[in-house]
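Okay, so the first sequence: first residue is 0 according to numbering that gives the first Met the number 0, each after it adds one.
Calculated directly from the structure, the hints in this document are not laboratory data.
Don't take every hint at face value.
[To be verified] Here are the computed distance ranges between Cβ atoms for each label pair:
#1 Asp89 with Gly18: 10 to 20 Å
#2 Met95 with Ala66: 14 to 24 Å
#3 Glu6 with Glu101: 35 to 45 Å
#4 Gly18 with Arg60: 11 to 21 Å
#5 Arg34 with Asp61: 25 to 35 Å
#6 Pro33 with His105: 15 to 25 Å
#7 Asp89 with Glu6: 15 to 25 Å
#8 Asp108 with Asp45: 16 to 26 Å
#9 Arg34 with His105: 36 to 46 Å
#10 Met95 with Val69: 16 to 26 Å
#11 Ala13 with Glu78: 17 to 27 Å
#12 Arg60 with Val107: 29 to 39 Å
#13 Leu50 with Ile75: 32 to 42 Å
#14 Gly31 with Asp90: 31 to 41 Å
In this text the structure is predicted, and so the values were computed from the model without any measurement.
Beta carbons are placed, not taken as given, at the ideal position from N, Cα and C, and that holds for glycine.
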Amino acid sequence: MKSNFYERVYTVTAEIPEGKVATYGLIARWLGKPRGARAVGWALRDVPTDLHIPAHRVIYRDGSLAASEVFGGFGIQKERLIAEGVPFKDDDHVDMKAAVWEGPLHVVDE
DNA sequence: TTGGTGACGGGGA
DNA sequence: ATCCCCGCCACCA
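Kindly produce the complete structure, drawing on both the sequences and the hints.
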């Protein structure tokens, strides 16, 4: 059993399929921590780049993206999402209704 | 152990 | 939509 919250966040995030996105709160919920959204954001902030975790697919509940500086530059996250086919509602909001991932079909142990 | 911190989220004005 | 405030959580000095 891995009590390591970070690892569990990475595991679920790694499962987000191309063209789909998830939110911090959703991931927290799948991990059994409905109120742990901030902790998820914290975990994603420290993702080792060599793990190839698609952290850019995790966005805000309202479809907006992370601070422009976070992914190495203005618009980087948006470009990557568009390249994967993620539908946008407008210039800076993902079309959540169509792009949110349903979530892992299996239970994520604690 | 305590306290500060932040890639959050929800509710109210 | 925007701003503000507050509760939550894991981390790290």
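Verdict for Met95, Ala66 (Cβ pair) under range 14 to 24 Å: holds (19 Å)
Looking only at beta-carbon atoms, does the pair Glu6, Glu101 fall within the given range of 35 to 45 Å? violated (22 Å)
Status of the given 10 to 20 Å range, CB of Gly18 versus CB of Asp89: holds (18 Å)
Has the hinted range 16 to 26 Å been met by the Cβ atoms of Asp108 and Asp45? Holds - the Cβ-Cβ distance for Asp108 and Asp45, about 22 Å, lies within 16 to 26 Å.
With 15 to 25 Å as the target window, see if Asp89 and Glu6 comply at their CB atoms. violated (35 Å)
Hint check for Asp90 and Gly31 - Cβ pair distance inside 31 to 41 Å: holds (35 Å)
Do the Cβ positions of Met95 and Val69 conform to the proposed distance bound of 16 to 26 Å? holds (19 Å)
Beta-carbon spacing of Pro33 to His105 - inside the hinted bounds 15 to 25 Å or not: holds (18 Å)
Within 32 to 42 Å or not, the Cβ separation of Leu50 and Ile75? Check failed, 18 Å falls outside 32 to 42 Å.
Mind checking the hinted window 36 to 46 Å against the Cβ distance between Arg34 and His105? Given range 36 to 46 Å: violated, Cβ gap about 22 Å.
Could you check the hint for me, namely that Ala13 and Glu78 are 17 to 27 Å apart, CB to CB? The hint (17 to 27 Å, Cβ to Cβ) holds, given that Ala13 and Glu78 are roughly 21 Å apart.
For the hint 29 to 39 Å, verify it against the beta carbon of Arg60 and that of Val107. violated (20 Å)
Checked against the numbered hints above, the structure breaks hints 3, 5, 7, 9, 12, 13 and satisfies the rest.
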